[in-house]
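Asker: Sequence:
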Amino acid sequence: MATNKITLICKKIIPILILFGASLTSIGSSPLYRTNPWVDSNAMLTMGRSLLHGLIPFKDIIEQRGPFLYAIYAGAAAIKETSFLGLFILQVFNLFIIYWISYKIAKDLKPVFLSPEWIALLGPLALISTSSFSFSGAPEEFAFGSILYLLYILNHWHYNVLEIPLSSFFLLGLNLSLVFWNKYSLIGTFVFFFIWVAGAFLYNRQFLKLCQVICFSVLGFLSISSIIILFFTVNGAFLDLIHIYFVQNMTAYGQTDTSILARLWQLLYLISKAFRTHYIIIIIITLSWVKALYQKVDIKIELIIFLGSLIFLAMPHWIINYYNLIWMPFFALALMRLASSDCSVQVENHISKFSAKFLIVSALIFLPFINNQDLNRLVIRGETQAINGNKYRAQLTLAKQIRTNLRKGHQPSLIVINNIDPGFYLTTQTIPKTQYWHRMNMTYQQLPSMYQSFENTMAKKKVDFIIVRLRVQPKSEIRELTNQINVAIDPSLRKALWKNYEIKSVSQNSKDESYVLLIQNLTE
1 MATNKITLIC KKIIPILILF GASLTSIGSS PLYRTNPWVD SNAMLTMGRS LLHGLIPFKD
61 IIEQRGPFLY AIYAGAAAIK ETSFLGLFIL QVFNLFIIYW ISYKIAKDLK PVFLSPEWIA
121 LLGPLALIST SSFSFSGAPE EFAFGSILYL LYILNHWHYN VLEIPLSSFF LLGLNLSLVF
181 WNKYSLIGTF VFFFIWVAGA FLYNRQFLKL CQVICFSVLG FLSISSIIIL FFTVNGAFLD
241 LIHIYFVQNM TAYGQTDTSI LARLWQLLYL ISKAFRTHYI IIIIITLSWV KALYQKVDIK
301 IELIIFLGSL IFLAMPHWII NYYNLIWMPF FALALMRLAS SDCSVQVENH ISKFSAKFLI
361 VSALIFLPFI NNQDLNRLVI RGETQAINGN KYRAQLTLAK QIRTNLRKGH QPSLIVINNI
421 DPGFYLTTQT IPKTQYWHRM NMTYQQLPSM YQSFENTMAK KKVDFIIVRL RVQPKSEIRE
481 LTNQINVAID PSLRKALWKN YEIKSVSQNS KDESYVLLIQ NLTE
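Residue numbers (the numbering used here): 1 to 524.
These are computed hints drawn from the structure, not numbers from a lab.
A portion of the hints provided could be inaccurate.
Stated by the list, open to error - In the DSS-like style, the derived pairs of lysine-lysine whose C-alpha atoms are separated by at most 27 Å in a straight line are:
no., residue 1, residue 2
1, K391, K80
2, K11, K353
3, K511, K460
4, K400, K110
5, K273, K300
6, K80, K400
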């Protein structure tokens, strides 16, 4: 009896321990590495730290992502404010949630070769093993579990939306809310799902049940949304939330003066680009659909919501690789569906269960390194440079310079005028003192208020230091370095910068990543 109990515990615990081990090497925020160098993760951690210190997003400090993502990073900062350790803990927790949902899917698929505990590892594998995972910490990473939960519900109820219980619709509404307030452009899967649901109930004339579904789904959505709306309303920032998170994000990006045909062409081009980047994954997903159709599973709704995910993915008019994480839950389901295939009975004749488990473990450990070249840019703790030669030096060196040039007890203030936060707020352990504190990915024409804010900040010397990124080898002669800085920044900022600040120091991480520290000059 005792032996059986130990065996059962090992059966449950070993896959979880393996998953944790894989997370240590594949997540850029891992304590194995000196820092997560991704500018977006650093920017979100700065937002989280600012929220922790009482600053209100969109009112006191401006960024583009959603308040739920800021809350995640605030939780990370609450755990550990001086590093990415807190974020790593929350990312591992997110992976465990994905593993749990994957386990429920695997149980429903009734695998005959491997146990659900091992099949479920393929869910997290789909997240961490592709190039889209990059350094980790993207909004899509924290939306992965919600999309996978939707796929679980569909699979569990055999793709018959009429049979889904009201309690599940409440939870689906809740998950929609989590995704919506994380990054609203990620909701395509849910939008197309609920449109399909409404059509199915209307077609079957189940009007009362449709009303109930709407009520429970809306209640689920409001369970999170009401808290967020209340928070911003109480803090006098509700209109700021609407203006920045919705209006600015919708109007600042992309072209709006092109024809419908041109937009359709661009949409198809961007979706094809995503497929080209991950063509092997598309093949695997397609094979899983062929298997489902062969087994006479009606997967029309899965195809529709997959299309919805891609359409919303391409709506911002460009695709950055990490955006693709939002459709990787379909990859997770495809892997589990194929691994649970009936052909595993034949496979068992040629491969042992131990060998199959070994393959899954090997995939978890090695596929991230094979597919994700950004891991080569991470500096292992205790080392001075990454495998590709990148260093994590500029942030630490210039932070030391900043502390050296401060009055005792004075908190440093700074802005980054031509780049997303590269980590200087973290290394200096300060928070922004101005609304616009780093350059978001928008030009002067797209967001003039940001550049005007930078100009005003420098003209009135509201901050002690200015950070400028150079993507070229910095010159040693001041005049040449000044010219490099002028090329790197927006022309509207040059006059205010040179009138009120002077070059203090330069530090370099790689050939295309150097930072210049400028300090207030003494002239009035």
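Asker: Which earlier hints can't be squared with this structure?
Answerer: When the structure is compared with the hints, numbers 3, 4 turn out to be violated.
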